[in-house]
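Asker: Sequence:
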Amino acid sequence: MYGLLLESINEYIKEAYGESVWKLIRERALCPHHSFVTHQVYGEHEIPKIARAASEVTGIDLPDLMDAFGVTFVSFVGQYGYDRILRVLGRHVRDFLNGLDNLHEYLRFSYPKLQPPSFFCEEESSMGLTLHYRSRRRGFVHYVKGQLRQVGFLFYQTEINVEVLKETDHAEGLTHVVFRLHFNNRAYKINRHHLGNTCTDSLLPVRSDVFFEVFPFNVVFGEDMLIRRVGIGLQNIFEKLEGRQIEESFTLNRPLVKFTWENVLNHTNNLFELVSRLPIERTSLHGKSSMSDGGSGNLMHNKVHARKASRRRCPWFGLGIPSVENGFGNGEDDVGNGDKGVPLDTSLELMAFQTITGDAPEGFNTLANENDRCLTLKGQMMFMEDWKSVIFIGTPIMENLEQMFMTGLYINDLSMHDSSRDLVLAGTQQSAELKLALDQEQQKSSKLEESMRMLDVEMKKTDELLYQMIPKAVADRLRKGEASVETCESHAAYFQVFQEVTILFSDVVGFTKICSRITPMQVVSMLNSMYTLFDQLTEKHNVYKVETIGDAYMVVSGAPEKTRFHAHYVADMALDMLRSMKHLQDPSTGDTLQIRIGVHSGMVVAGVVGLKMPRWCLFGDTVNTASRMESSGQGMHIHISETTKAHLDEEPYVIVERGTVTIKGKGEMKTYWLKEKAGGQSAETLDTPFMANSSENESDEGSRDSSRISTYNPVFSDDVIKKTQDAPSIAIEEEVVHEKVDHVT
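full-length UniProt numbering puts the sequence shown at residues 1 to 745.
Warning: the hint list may mix true and false statements.
What the hints assert, rightly or not - DSS-like mimics (lysine-lysine), calculated; alpha carbons at most 25 Å apart, straight line:
(1) Lys240 - Lys378
(2) Lys444 - Lys513
(3) Lys612 - Lys582
(4) Lys444 - Lys23
Simulated from the structure, these hints should not be mistaken for laboratory data.
Construct the entire structure; sequences and hints are all you get.
Answerer: Have a look at this one:
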């Protein structure tokens, strides 16, 4: 499958759904390609994989999506100039459909590995026709439907209603679909009118030998499928074809039907392609095969030795095929009457072969693909009423002179009246500079693909880092070009108010004294160990780390993702923070570090502020109150407000009233100590494991947050401690450390 089809799908998805959706589809389809090279061959499974992934991502049914792909393809190929071919393929819709096989044959010059489908029209009427579609690919029925409708609309201003009458998958991997096309078939009426008014003009008589000389690669066979005559061109390379079954000597490549008498008569409007079953053995002047070690008894044999082709008289008599009277004259002689050639000089022929092939060394055949040595004929089948036979008028298909040499043909074997000779010669004159440029472009394309893959990896790393600093939803808005202040200003489109959140502040008891007794590097190491541990706990307890200022650590639950269990998550986080402190030591004394924790619940406004170093911040009285709860607390205690206590009353937390406390800026407040959580479950005491994420979902009634956390997982703080100890330390220049510590102290 060529990249032209895949690139059209790529363009459609990006135009209809955006670059981000295309990226998601590629990831789900496991497609490593960001874009596709039109003339490069890709796997046959690429389009089905992409289509299925696109259907899952967009929610559109697969048949409708394939239909849209087909519609897009007709317009997309116009970017490469193919719309000009489509516009002149047929005068009417019926003519276009009958010429589809010819179109694919034309495209083979640009796409030599093309495996096109086959189309055949029948049961034509003024209201439409029946179209048979055969392909070796499955799953493209709706793709073809979209193409047919778009062709009618775009090039013929005709609305085509495509109905699938029958779809059959054959064992040999062939899909046969019968469409009924409903449209205003004006050409059918015009054609019938012309047929009724045509008159038979008397043509100049043409002798049969002249006719068969003009078409040297013809094959005549009867209803029994026996070959009755072959042209002089085929006689030069094949021996004893007459009297054999045609399907024993040739394979029918196109159309995609069985090679039977009935199918031939039913498809006379189609292009036929025959391929010899066995590779041709080219014979040297010395009578030995120069292509293989095969003997002289091969069916396909090339007679290269000097001969007088014009004096060979074909076995035409006795086959019941008379001379053509009306239209081809009353020739008395058969093909080959009279001298039309002279023997080739043996020395000249030997010189030519040595010039072209060197000495034609043995084993040369191993360098050639056997398929390249099979003769391919393309042409038309015509039923001759007078002969009661069908004549195949074909032309050899040669990509270049090398293939011609392998098949044992010469330029003078080809017809002069058509373009056979020109096509073969033109194929050898392709610019070497263009080939080199194409190779270079393909190399650049491969390097670009690799660079884009590496860029994807780096972008994922960048995203992970960014989402640690700024919530994902906010970061995505900033990427779209919104100003940072717009994410928190009081505007209807950007207003971010969280009615219920719980905020936690913590700091180290006696941090200033500790800093005065140790080196700056020890301060950094101590804070790094503590914050790394706390960061691990935030991931387990569904809380968001807002920021750290010196020894102060701030987290929130209920923002940026709303949850009605915000107080419970922060309470579990606070309990586990206290428990984890036994693993952290004061570098100056060796004693265990102690922290104070304050918690308060309420309303906040959240958003990103700043340009150089944008940070997601919380604003409101709730933030100030939570900070005051921490500063007025005691070491290794969790100080909570009455608002937070109200959220925890229905859960088995052990809460002790502290009394009325004077809070700076707030006056007197009734506060409480959070001691533990009863029941012996995770995070319920200071010696139990803490809460972890689970893949199972529960309802809101039975869980804290059905979207994120539902069950307790036996993951202990000790596991996090071990990971923290195994983590690499952060190296910071001493000058920077001094500046940071001086600022903190």
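Asker: If a hint holds in the structure, say so; if it doesn't, say that too.
Answerer: Do the hints match the structure? See the list:
Taken as a hint, the lysine 240 and lysine 378 pair is honoured in the structure, with Cα atoms around 21 Å apart against an allowance of 25 Å. For the suggested pair lysine 444 and lysine 513, the alpha carbons sit about 62 Å apart, so the restraint of at most 25 Å is broken. Annotation: proposed proximity of lysine 612 to lysine 582 is violated, straight-line Cα distance about 38 Å (limit 25 Å). For the hint pairing lysine 444 with lysine 23, the CA-to-CA distance comes to about 22 Å; that is within 25 Å, so the pair holds.
Violation of the numbered hints given earlier is confined to hints 2, 3; the remaining hints are satisfied by the structure.
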